[in-house]
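Chains G and R supply the protein sequences, listed in that same order. In terms of our numbering, the first sequence opens at residue 1 and continues consecutively. In terms of our numbering, the second sequence opens at residue 1 and continues consecutively.
By construction, these hints were calculated from the structure, which means they are not laboratory data. Possibly wrong hints are sitting among the right ones.
[Said to hold, decoys possible] Derived BS3-like pairs (lysine-lysine); straight-line CA-CA distance at most 30 Å:
id, chain 1, residue 1, chain 2, residue 2
1, R, 50, R, 152
2, R, 236, R, 153
3, R, 153, R, 23
4, R, 152, R, 135
5, R, 23, G, 154
6, G, 133, R, 135
7, G, 133, R, 236
8, R, 239, R, 135
9, R, 174, R, 152
10, R, 219, R, 153
11, R, 174, R, 236
12, R, 153, R, 135
13, R, 247, G, 154
14, R, 174, R, 247
15, R, 239, G, 154
[Unchecked claim] Here are some of the chain R residues that sit facing chain G, going by a computed Cβ distance under 7 Å:
id, residue
16, 97
17, 128
18, 131
19, 132
20, 228
21, 232
22, 240
Treat the numbers as computed from the prediction; the structure is a model and nothing was measured. Ideal Cβ placement from N, Cα and C applies to all residues, glycine included.
The lines below spell out each chain.
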Amino acid sequence: MAFVDPFEERRRRINELFRDALRRIEELEASLVNELMRLSDEIEYERILDERINMLSSGAIEPLYQIIDRGDSIQIIVDMPGAVGETVNVYIGESEIRVEARIDEDAIRRAFRGFVWAERVERYSWTYRLPFKIDPSRASWRVAGSRVIITVPKG
Amino acid sequence: MRGIAFEEEIYGFTFREYGDVGKPRYLILGLPDVGLVGSIASMHIIRSLKVPDVAGIENYTMLPPVVVIQNGEPKHPMRVYSNRDIAFVVTDVPISPAGVAQLSMALVEWARLRGIDYLISVTGIGHPARVEVEKPSIYLLASSDEASELAKKIEGGSRINDGILVGPYAIILKEAVRRRVPNLVLMVESFIDMPDPEAAARAVEALSPILGAKLDVEKLLKEAELIKLRLKELMKETKSVMARMGKGYEYRTPLMYT
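Throw the hints in and build the complete structure from the sequences for me.
Spelled out as structure tokens, the structure:
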């Protein structure tokens with residue numbers, strides 16, 4: 001008959017209990033992470049809905065933009081596909097940049113294929129608050145295709 | 001949304017087939033990512049080759065509760081198109097970070113079960129000075145020798161030697177290696193958070209010799225403005241999802257270079 005060490009048996013049982021507990025904690029952690037991600041998705045959906053309701057009721061849509069730090073200057077690219085060239089209006093102030101343009105009616109019709117929500121869409125409007133004060137007289141802008149490229153020197 | 005002929009659940013995602021998927025050689029993945037390059041390129045090829053949609057991919061908790069309506073017909077937001085030789089996966093909704101792992105695994109497993117020879121992931125690679133780039137460069141990443149052989153058919157593409165890939169295409173690549181489905185990742189320099197039809201046109205040109213079809217990109221370039229206007233909001237949603245997925249990791253150096 002084999003000798004059973006009661007202490008060894010107890011040690012093994014305790015180890016098993018610890019392993020089980022750890023596994024449960026890991027499972028709980030994974031489900032909490034998933035739940036957090038789902039919650040953050042819900043908040044995101046709410047933000048998107050609010051933003052779009054505001055946008056569509058005002059008839060102005062916000063263009064996509066990109067801000068690139070070029071070291072001694074900041075380049076801001078504002079993309080306004082379908083904008084009517086001669087209506088592009090750029091205001092560069094000390095602490096704010098505003099870009100506006102009317103969107104070609106035909107472009108709206110073709111892009112949105114008669115979606116009811118797009119009925120009032122007629123222009124782009126975008127305001128960017130600069131993180132620092134600038135000298136507007138040193139800033140410049142140009143249009144390249146559908147993009148307005150604004151260069152703001154630093155300092 | 002036509003009557004379902006066959007339904008299969010893989011990793012929580014249901015593949016509902018209502019048309020003939022066949023046994024395609026290639027599965028092109030046009031998931032929303034950098035510059036929406038894959039999505040735009042895939043839709044252009046689908047339209048050019050008149051490829052019908054044959055299946056929907058659903059998960060009622062991980063995808064938003066959405067039905068897309070086209071010409072009065074309700075459709076699944078995530079769809080498979082197939083002409084029996086080439087298949088595509090495209091989606092009208094961004095993939096939430098909570099579902100990206102399962103969806104990626106499901107897509108690779110579905111491709112394996114379907115006997116697909118090659119998975120081709122099409123995406124953009126963010127270029128900070130994209131506005132000054134006339135002709136975006138193409139980079140390739142292959143999961144296996146077979147995928148490397150396929151990459152040789154792409155003219156002007158160079159192998160990406162260093163970098164970090166983040167998002168569904170990263171998991172798809174890892175799963176493709178694990179499940180032995182050759183995966184070629186085709187990356188075109190593009191705007192990060194603006195739809196980039198010009199970069200998508202480069203991807204379409206690159207795919208032409210693989211697909212054995214001369215794909216005209218003139219219409220795509222002509223309609224670039226409309227595409228950008230149409231996809232502006234999908235790009236915004238995708239940017240937010242990319243950020244939460246850790247896309248920022250792509251723009252740093254890995255420890256292993258030290």
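Tell me if the straight-line CA distance from residue 236/R to residue 153/R falls inside 30 Å. Violated. Residue 236/R to residue 153/R sits at ~34 Å, over the 30 Å cutoff.
Does the alpha-carbon distance linking residue 50/R and residue 152/R stay inside the 30 Å limit? holds, 27 Å
Measuring from the C-beta of residue 97/R to each C-beta in chain G, is the shortest one below 7 Å? With a minimum Cβ separation of about 6 Å from chain G (threshold 7 Å), the hint on residue 97/R holds.
Does residue 174/R pair with residue 152/R here, judged by a C-alpha cut-off of 30 Å? Holds, at about 21 Å.
With a cut-off of 7 Å on the beta carbons, see whether residue 132/R makes it to chain G. violated, 10 Å
Proposed proximity, residue 135/R with residue 153/R (alpha carbon, max 30 Å): holds, 19 Å
Can the restraint linking residue 153/R and residue 23/R be considered satisfied, given a maximum Cα separation of 30 Å? holds, 22 Å
Quickly compare the C-alpha distance for residue 239/R and residue 154/G to 30 Å and report which way the hint goes. Given pair residue 239/R, residue 154/G holds - Cα atoms ~27 Å apart, limit 30 Å.
Check the hint pairing residue 239/R with residue 135/R against an upper bound of 30 Å on the C-alpha distance. Distance ~24 Å between residue 239/R and residue 135/R Cα, so the pair holds.
Residue 131/R as chain G interface residue, shortest Cβ-Cβ below 7 Å: holds, 6 Å
Regarding the pair residue 174/R and residue 247/R, is the alpha-carbon distance no greater than 30 Å? holds, 17 Å
Satisfaction of hint between residue 135/R and residue 152/R, Cα-Cα up to 30 Å: Distance ~20 Å between residue 152/R and residue 135/R Cα, so the pair holds.
Going through the hint list in order, the structure does not satisfy hints 2, 5, 6, 19.
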